[in-house]
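Asks: Chains A and B, in that order, give the protein sequences. Take the first sequence: its letter number 61 is residue 61 in the numbering used here, and every next letter is one higher. Take the second sequence: its letter number 273 is residue 572 in the numbering used here, and every next letter is one higher.
What the hints contain is simulated information worked out from the structure, not anything from laboratory work. One should not assume that every hint holds.
[Unchecked claim] Cut-off 20 Å, straight-line C-alpha distance, at most; resulting in silico cross-link-like pairs (SDA-like, lysine to any residue):
1) B:Lys-418 x A:Glu-241
2) A:Lys-95 x B:Ala-409
3) B:Lys-383 x A:Lys-95
4) B:Lys-318 x A:Asp-108
[What the hints assert, rightly or not] Chain A stretches covered by chain B per the calculated footprint, using a threshold of three residues with CB under 8 Å from any CB of chain B:
5) 157-171
6) 198-211
[What the hints assert, rightly or not] In silico contact screen, one side only, chain B against chain A (beta carbon under 7 Å); selected entries:
7) Glu-340
8) Gly-341
9) Ser-347
10) Thr-348
11) Gly-366
12) Ile-370
13) Ala-373
14) Arg-384
15) Glu-386
16) Pro-387
17) Lys-399
18) Pro-402
19) Phe-406
20) Leu-410
21) Ile-411
22) Arg-509
Ideal Cβ positions, reconstructed from N, Cα and C, are used throughout, including at glycine.
Here are the chains, one letter per residue:
Number of protein chains: 2
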Amino acid sequence: MPLPIRITFLGTAGSAPTKERNLPSVAIEYDGSTYLFDCGEGTQRQMSTYSLNPYRIKGIFITHIHGDHVIGLAGLVRTLALTKRTEPLYLFVPKGEESKVMPLLTFDRALISYKIIIKGVKSGEIFKGKGFSVMAFKLKHSIPTYGFAFKEDDRYRFDKEKSKRLGLKGDAFSKLVSRGSIKIRNKTIQLKDVAEKVMGRKVVYAADTRPAQTTIEAAKDAEILIHETTYTDEFRNLAKERLHSTAAEGATVAKNAKAKRLIIFHMSARYKSAEPLIKEAKKVFKNTTQAYDGMQITI
Amino acid sequence: MPLPIRITFLGTAGSAPTKERNLPSVAIEYDGSTYLFDCGEGTQRQMSTYSLNPYRIKGIFITHIHGDHVIGLAGLVRTLALTKRTEPLYLFVPKGEESKVMPLLTFDRALISYKIIIKGVKSGEIFKGKGFSVMAFKLKHSIPTYGFAFKEDDRYRFDKEKSKRLGLKGDAFSKLVSRGSIKIRNKTIQLKDVAEKVMGRKVVYAADTRPAQTTIEAAKDAEILIHETTYTDEFRNLAKERLHSTAAEGATVAKNAKAKRLIIFHMSARYKSAEPLIKEAKKVFKNTTQAYDGMQITI
Numbered sequence: 001m002p003l004p005i006r007i008t009f010l011g012t013a014g015s016a017p018t019k020e021r022n023l024p025s026v027a028i029e030y031d032g033s034t035y036l037f038d039c040g041e042g043t044q045r046q047m048s049t050y051s052l053n054p055y056r057i058k059g060i061f062i063t064h065i066h067g068d069h070v071i072g073l074a075g076l077v078r079t080l081a082l083t084k085r086t087e088p089l090y091l092f093v094p095k096g097e098e099s100k101v102m103p104l105l106t107f108d109r110a111l112i113s114y115k116i117i118i119k120g121v122k123s124g125e126i127f128k129g130k131g132f133s134v135m136a137f138k139l140k141h142s143i144p145t146y147g148f149a150f151k152e153d154d155r156y157r158f159d160k161e162k163s164k165r166l167g168l169k170g171d172a173f174s175k176l177v178s179r180g181s182i183k184i185r186n187k188t189i190q191l192k193d194v195a196e197k198v199m200g201r202k203v204v205y206a207a208d209t210r211p212a213q214t215t216i217e218a219a220k221d222a223e224i225l226i227h228e229t230t231y232t233d234e235f236r237n238l239a240k241e242r243l244h245s246t247a248a249e250g251a252t253v254a255k256n257a258k259a260k261r262l263i264i265f266h267m268s269a270r271y272k273s274a275e276p277l278i279k280e281a282k283k284v285f286k287n288t289t290q291a292y293d294g295m296q297i298t299i
Numbered sequence: 300m301p302l303p304i305r306i307t308f309l310g311t312a313g314s315a316p317t318k319e320r321n322l323p324s325v326a327i328e329y330d331g332s333t334y335l336f337d338c339g340e341g342t343q344r345q346m347s348t349y350s351l352n353p354y355r356i357k358g359i360f361i362t363h364i365h366g367d368h369v370i371g372l373a374g375l376v377r378t379l380a381l382t383k384r385t386e387p388l389y390l391f392v393p394k395g396e397e398s399k400v401m402p403l404l405t406f407d408r409a410l411i412s413y414k415i416i417i418k419g420v421k422s423g424e425i426f427k428g429k430g431f432s433v434m435a436f437k438l439k440h441s442i443p444t445y446g447f448a449f450k451e452d453d454r455y456r457f458d459k460e461k462s463k464r465l466g467l468k469g470d471a472f473s474k475l476v477s478r479g480s481i482k483i484r485n486k487t488i489q490l491k492d493v494a495e496k497v498m499g500r501k502v503v504y505a506a507d508t509r510p511a512q513t514t515i516e517a518a519k520d521a522e523i524l525i526h527e528t529t530y531t532d533e534f535r536n537l538a539k540e541r542l543h544s545t546a547a548e549g550a551t552v553a554k555n556a557k558a559k560r561l562i563i564f565h566m567s568a569r570y571k572s573a574e575p576l577i578k579e580a581k582k583v584f585k586n587t588t589q590a591y592d593g594m595q596i597t598i
């Protein structure tokens, strides 16, 4: 059985926080560890509000170095040091932007009890965990920006009957998966004859960005695409100018990617309610939900 | 009639935020302007939660450059720029610590639409507003730290009958106040004979600190002393070691200063309830209140 992937929306606002919405951050919990995607101001408190343990964070993936997506790092790394954490923390930022994030970690010369390993992100696989990997893909924003795909490893579902008949047991299964074929009782067994490939589930996070072909490719058949939609179509020129997406544009990306579900977030503070955004997106892509702070989805 | 001074506790936690308490910040509203004392992470959102307009902020007074008291500046100064503020913002930090706060303002090279005027704080009057001033006084903490006294100007209450009889009118009142005496109808009038001096109200903010003689002096007869009390007496050695105060110590400062009221805050996250702190403080100084996030007092 695949492990649950739990997604928690810690912050769903646009560039300024509101009473109801904190600045962007999405947590993915998998196999006892937590990974953050963006870390807006107040993320550590949101974790406590929604009962996520910050000490379980293994890696933080920052899309781009705009204040509203990154300032929460400053407080979080210091709080993690309060209990003398020793486990290293992986911090991913767009390649070339490392020097912009450093001041948030070092400004007051605080003693950090653990290593913060900063990795410059380029397109492709950037992190390999047990049973999953994280891929980065380029986005279209005013400064270097990457989206991220959290992807479970593909796995093989073996035909029990057939496997037994052919004498497969013990580590023969994993050998067969890694090699593609093995010999048992002088007979060559092909993986594809005895097992069916099951694609790993994929959760894709894209902010801040114009609609992009790279997102469509990364979100191909994804269980969930989380896409920023800052404006409604009425402000499509503003969206272009400021390099954000409208609700219709985000929904079109989901549709073209054949994603199973779209979650939109990062709405401009001009909207008192998410209603116009969700209405607009649903016209293009029916299975759309507007994220709210504290929303949790387990797949 | 004196103008109301409204105090809002935006954050009352110790070094890490909790579900109930955000990191330290106290707002004082006076005559249409807002002044912040400390600016922990999430302060801008707390302002929106408790319906304070961040665009009214004129000055921010930072006690010391420890992350939990200062990180909120990073997001706040950027949000203030979103609406193209042009009015300068005064930012007070302990003298010599200016270079530590700068990275929070500049890390991502964001365009700030207004001037941030950074002033290095030493003991004495550091800001003069219309009808009030702010004084700084040294505190005892692990790095350079100052407390602040928000003090209304002293004023004079004139005896109406006597003033009329002596022929005082128009700008003669203000002339008499500034000079101490004036001549009317060839007769010298002494200020003290016709008016009674009314001391301006004082609100004093002291965090983070050991109990200090400087606080006692600054809080002399204050309407309100806001003092950190991180621990109960049980942890008095920890308080000494980490240069914080116990509830009993904070209360002793209030008692020795003959303050009218003590508000304690900044409690360690080890306390699930403020009960033990408030109980301990009240034994020493009866008129003590434990601050909570959103608590407002108008004097």
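Asks: If a hint holds in the structure, say so; if it doesn't, say that too.
Replies: Taking the hints in turn, this is what the structure says about them:
The suggested pairing of B:Lys-418 with A:Glu-241 is violated, with an alpha-carbon distance near 37 Å, which exceeds 20 Å. Pair hint A:Lys-95 plus B:Ala-409 holds up; C-alpha atoms about 19 Å apart against a cutoff of 20 Å. Between B:Lys-383 and A:Lys-95, the direct Cα distance comes to roughly 31 Å. Violation of the 20 Å bound is thereby established for this hinted pair. Between B:Lys-318 and A:Asp-108 the alpha-carbon distance is near 25 Å, which puts this suggested pair outside the 20 Å criterion.
Only residues whose beta carbon comes within less than 8 Å of a beta carbon in chain B count, and the stretch 157-171 of chain A has 0; fewer than three means the coverage is violated. Under the rule that three or more residues need a Cβ within less than 8 Å of chain B, the assignment of the stretch 198-211 of chain A is violated, with 0 such residues. Checking B:Glu-340 against chain A by beta carbon gives a least distance of about 4 Å; that is within 7 Å, so the hint holds. For B:Gly-341, the interface hint holds, the least distance from its beta-carbon to any beta-carbon of chain A being 4 Å, beneath 7 Å.
A distance limit of 7 Å between C-beta atoms decides the matter here; for B:Ser-347 the minimum to chain A is near 5 Å, and the interface restraint holds. The criterion of a C-beta within 7 Å of any C-beta in chain A is met by B:Thr-348, whose closest approach is roughly 5 Å, and the hint holds. About 5 Å separates the beta-carbon of B:Gly-366 from the nearest beta-carbon of chain A, less than 7 Å, and the hint is met. Interface restraint check for B:Ile-370: the shortest CB-CB distance to chain A comes to about 5 Å, inside 7 Å, so the restraint holds.
For B:Ala-373, the interface hint holds, the least distance from its beta-carbon to any beta-carbon of chain A being 5 Å, beneath 7 Å. Taking 7 Å as the C-beta cut-off, the interface hint given for B:Arg-384 is violated, the closest approach to chain A being about 13 Å. Given hint, B:Glu-386 at the interface with chain A, is violated; its Cβ is 18 Å from that chain's nearest Cβ, farther than 7 Å. Against a cut-off of 7 Å between C-beta atoms, the interface hint on B:Pro-387 is violated, since the closest Cβ of chain A lies about 20 Å away.
A distance limit of 7 Å between C-beta atoms decides the matter here; for B:Lys-399 the minimum to chain A is near 5 Å, and the interface restraint holds. For B:Pro-402, the suggested interface contact is upheld, since its CB lies about 3 Å from the closest CB of chain A, less than 7 Å. Taking 7 Å as the C-beta cut-off, the interface hint given for B:Phe-406 holds, the closest approach to chain A being about 4 Å. For B:Leu-410, the shortest C-beta to C-beta distance to chain A is roughly 11 Å, which exceeds 7 Å, and the interface hint is violated.
Among the interface hints, the one on B:Ile-411 is violated; its C-beta lies about 11 Å from the nearest C-beta in chain A, farther than the 7 Å criterion. The interface hint given for B:Arg-509 is violated, since its Cβ lies 20 Å from the closest Cβ of chain A, which is over the 7 Å cut-off.
In the structure shown, a violation is registered for the earlier hints numbered 1, 3, 4, 5, 6, 14, 15, 16, 20, 21, 22, in ascending order.
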